[in-house]
Amino acid sequence: MKNFEERLKGGHPNSLGNTVEVVEEVLKENELFNELFNCYFSNDEVVRLRTSNAMKRVCKEKKQLLTSYLDRFITEISKIDQASTQWTITQLFGMLNQEMTEQQIEAAKKIMKSNLENHKDWIVLNTTMDTLGKWSKKDAELKEWIFPHLERLSSDSRKSVAGRAKKILTLLEN
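Okay, so the sequence shown: first residue is 12 according to our numbering, each after it adds one.
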């Protein structure tokens, strides 16, 4: 055990802390991935934030480490009420969609639809619009569902949210 949870604690919440070093260790010793994954269950919000950052980094380098955990991302991690966790799983779904089963894709859509309907965090909204927007290009039913939500968000008071919604609307209309 490498004590990842302890090593991901402390420092400024917006800093990476030891995230990069932890990722490098996991990439060298793949059997350590489970210990990193279990950091999502830490009581420390900063540890969960850094775990999310680490997951994206690992996914970019070795997707296969995450694929056997997809069901756990869907059933467990998606229930963590923290914005960074929600925006990360949306990004991971987008990165891993080729590796996902149809059942996993449907479950991921349900999670992301709920976030788009209910979440207030601007990053969660932007990342969710991105992933669902891309998926909507090949899914007519999803495309029909997302349009009213994009229209609603296109008048959001936050420029990044409104701009992203307008951009995706334009892409889907063409």
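Since the hints were made in silico from the structure, they are not lab data.
Just so you know, not all the hints are guaranteed correct.
Said to hold, decoys possible - Restricting the straight-line Cα-Cα distance to at most 30 Å, the calculated cross-link-like pairs of lysine-lysine (DSBU-like) are:
| # | residue 1 | residue 2 |
| --- | --- | --- |
| 1 | Lys71 | Lys170 |
| 2 | Lys170 | Lys145 |
| 3 | Lys20 | Lys71 |
| 4 | Lys20 | Lys154 |
| 5 | Lys39 | Lys71 |
| 6 | Lys74 | Lys154 |
| 7 | Lys73 | Lys120 |
| 8 | Lys121 | Lys39 |
| 9 | Lys177 | Lys131 |
| 10 | Lys177 | Lys154 |
| 11 | Lys154 | Lys121 |
| 12 | Lys120 | Lys154 |
| 13 | Lys90 | Lys73 |
Each hint tested on the structure:
1. Restraint check for Lys71 and Lys170: satisfied, since their Cα atoms lie roughly 29 Å apart, inside the 30 Å limit.
2. The hinted pair formed by Lys170 and Lys145 meets the criterion: a straight-line CA distance of about 21 Å does not exceed 30 Å.
3. Only pairs whose Cα atoms come within 30 Å are accepted, and Lys20 paired with Lys71 is accepted, the gap being roughly 23 Å.
4. Using a Cα cut-off of 30 Å, the hinted pair Lys20 and Lys154 is violated, with the two alpha carbons roughly 41 Å apart.
5. The straight-line distance between the Cα atoms of Lys39 and Lys71 is roughly 14 Å, inside the 30 Å bound, and the hint therefore holds.
6. For a cut-off of 30 Å, the pair hint linking Lys74 to Lys154 stands: about 27 Å separates their Cα positions.
7. Between the alpha carbons of Lys73 and Lys120 the distance comes to roughly 23 Å, so the proposed pair stays at or under 30 Å and holds.
8. Taking the CA atoms of Lys121 and Lys39, the gap is near 34 Å; set against the 30 Å cutoff, the hint is violated.
9. A distance of roughly 18 Å separates the Cα atoms of Lys177 and Lys131; the hinted pair therefore holds under the 30 Å criterion.
10. Taking the CA atoms of Lys177 and Lys154, the gap is near 14 Å; set against the 30 Å cutoff, the hint holds.
11. Of the supplied pair hints, the one linking Lys154 and Lys121 holds, its CA atoms being roughly 14 Å apart against a limit of 30 Å.
12. In summary, the hint linking Lys120 to Lys154 is supported, as the alpha carbons are separated by about 12 Å, within the 30 Å threshold.
13. In summary, the hint linking Lys90 to Lys73 is supported, as the alpha carbons are separated by about 24 Å, within the 30 Å threshold.
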